[in-house]
Amino acid sequence: MTRAYRKGKYALRLLVVVSVLMTTVAVTAQEPIRIAIVAPSSIRDLSWSQSIHASLQELQEEMGGESVLQIAYSEAMSSVSAASETLRGYAEDGFDIIIAHGTQYGTSIFDMAHEFPDTSFAWGTATETGAERGIGNVYAYQAAAEEGGYVNGVMAALLTESNVIGAIGPIPAGDVRLYISGFTQGVKSTNPEAEVLVVYVGSFSDIAAGTTNGRTLLAAGADVLTGTSQVVVGAIEAVRSAGGFWFSTQSDQGDVWPGTVVSSQVYNWVPMLRDIVERHQDGEYGGIAYKLTLANEGLRIAFGSVDISSELLMAAGQAVEDIIAGKIEFST
Amino acid sequence: MDERTLLDVLVAASALTMVSAMPFLYSALGEVFSQLSGVFNLGVEGIMLVGAFSSIYVASDMGLDAGLLAGVLAGMVTGALLGLVMAFVSVTMQADQGISGIGITLLGRGLSTTLFILLADGVLLVESFQPIRIPLLSDLPVVGDILFNQNIMVYGALLLVPVTAWLLRRTTWGLQIRAVGQNPAAADAMGVNVEQVRYSAVVLGGTMAGLAGASMPLALTNVFQVNMTAGLGFIAVAMVYFGGWSPWRVMFGSLLFSAAYNLQIWVQVLDVKLFGETIPVNILLMMPYVLAIIVLVFARDMQRFRPQAMNRPFRRGD
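Chains as they are written, first to last, in numbering that gives the first Met the number 0: chain A, 0 to 331; chain B, 0 to 317.
Keep in mind that the hints were calculated from the coordinates and are not lab data.
Treat each hint with caution, since some may be false.
[Claimed, not checked] Derived coverage of chain B by chain A (criterion: at least 3 residues anywhere in the stretch with Cβ under 8 Å from a Cβ of chain A; other residues may be distant):
{"hint": "1", "segment": "13 to 22"}
{"hint": "2", "segment": "107 to 119"}
{"hint": "3", "segment": "214 to 224"}
{"hint": "4", "segment": "255 to 267"}
[Unchecked claim] No farther apart than 25 Å at their CA atoms in a straight line, the calculated lysine to aspartate or glutamate pairs in the DMTMM-like style are these:
{"hint": "5", "chain 1": "A", "residue 1": "K290", "chain 2": "A", "residue 2": "D117"}
{"hint": "6", "chain 1": "A", "residue 1": "K187", "chain 2": "B", "residue 2": "D270"}
{"hint": "7", "chain 1": "A", "residue 1": "K187", "chain 2": "A", "residue 2": "E328"}
{"hint": "8", "chain 1": "B", "residue 1": "K272", "chain 2": "A", "residue 2": "E194"}
Computed from a predicted model, the values in this text were never measured in an experiment.
Backbone N, C-alpha and C define an ideal beta-carbon position, used for all residues, glycine too.
Produce the complete structure using the sequences and hints provided.
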């Protein structure tokens, strides 16, 4: 081996080491993405707020942990004015992406978005990004709740023995209305004889009232129930005590009530959040209205531990296929 | 749905009304003691939340697994402790009672949420008190199911109404409570220890608010959620005004409000039509509150029962 060859070899090694070191320095020097969520209920509500927080945690793990993606959250922000102050606080603190996880926060987002042009804002359930008003850093998002509602409804129609099915919602609006409408359509498409009794609690947090609504539906003869939002947890307990079945939405509730929850429509926000992060890194801060669907895997059906027939499973699978193929026309 | 008579619906709604009214009864009766002594405790909501969390955490096998009775006791003890804090702030420190109460509510809300996150990891379930059929009486038509097939905490709440009335009207301590609430200077001149009486009334009120909180997961919902009282504690305070500081009228108000709510659920279930149209659900959901406002307007005469020294700290010599 000649001296010149050895020198060249050392030089090459040195170059590699320096390159690696420079890359490492470049990587470590990159600031982590900071995301803040403001949620109307607890992130342990087993429904709406938990779904986005869980998705964000999943994305954090996927991207490499806290050194790459940092999460801050403010929960149970039922007061819109307090939420507005909190959102502004996160923006002033330099958070990269701020998620206002409630339709009621829309005005606050649009009021402050132009003051923080390098911050990406996202809000939902919503479809408006403000682009027509010249706002370029707001994303909107919604879930096609009627799709999973339909699938759950198909199964509920096959499962009921009394032909009476109950549905509970907090208020007749937005995501709630979509889900219950899709659920009712699913029931009627499978078992026109079955009756769907719909009640609204009038609150997102009054679980005592949610419980009495559930008990009333049971007293009215319902043996299979569904419901949306965090207000239904007491109603699920009432159904469990009565030996009935429950269909969930927003988060997977099958782990908590394994013998009662037949299936859950789970909101998977990960693909949407990943896209927002990637766009932010590329210098794009808003302008897209996202919609979670079964086709884009933003929605998925998770089964609990209830022993269900193959007929039920096949019907659910067929309903999912039909929705993805665009064969079902929703009346919402 | 199978054919039901109006009577079936009324019985079912009334039976649920008794359970729905239970937390109102415990908390509002406790507030009667507090307000009659001259202390307006607006912290009932927060005390209920802490009572709800502590009771289910102690009772549930996901928590300390000490059983339902231990859970009830935990709710009462935590309620008494927060009542003691309220008494110290408003009686000893003579702080503004309204602001102190809001402070207690915020403290209770924060404390119950933090403890739930730290200790329970998001889920707390419990197998709650089951209905107890009273022999013979539960077989009576109509009233049997409504009154005599309830769980022990419902019976307890109903029993507390005559007990509270008796304590306030027929005992020396009750007389002292009313005296320090009406004219603390006169009571003081008669040798009554105003501070001590107010302390006892506020701590008892806190204990009953804690019991009200405990009754929610242990006798109704089987589960705890952050902020699960959802303003129920504030409604309970309003019930005391509604009832003119009388335990019997407070019971009437609690039952009326709960009955209105439970009946509107049945109106939704049966899709009752008005002039051939479905009644908008938002109108139905407003009914209990509209009813409460109407009754309050007609019951404005109740203000004559208002404790004259309520909201006013007592300073000897003033």
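Against the structure, the hints come out as follows:
no., hint, in the structure
1, 13 to 22, "holds (count 4)"
2, 107 to 119, "holds (count 3)"
3, 214 to 224, "holds (count 6)"
4, 255 to 267, "holds (count 5)"
5, A:K290 <-> A:D117, "holds (24 Å)"
6, A:K187 <-> B:D270, "holds (18 Å)"
7, A:K187 <-> A:E328, "holds (13 Å)"
8, B:K272 <-> A:E194, "holds (17 Å)"
Hint check: no violations occur; every hint is consistent with the structure.
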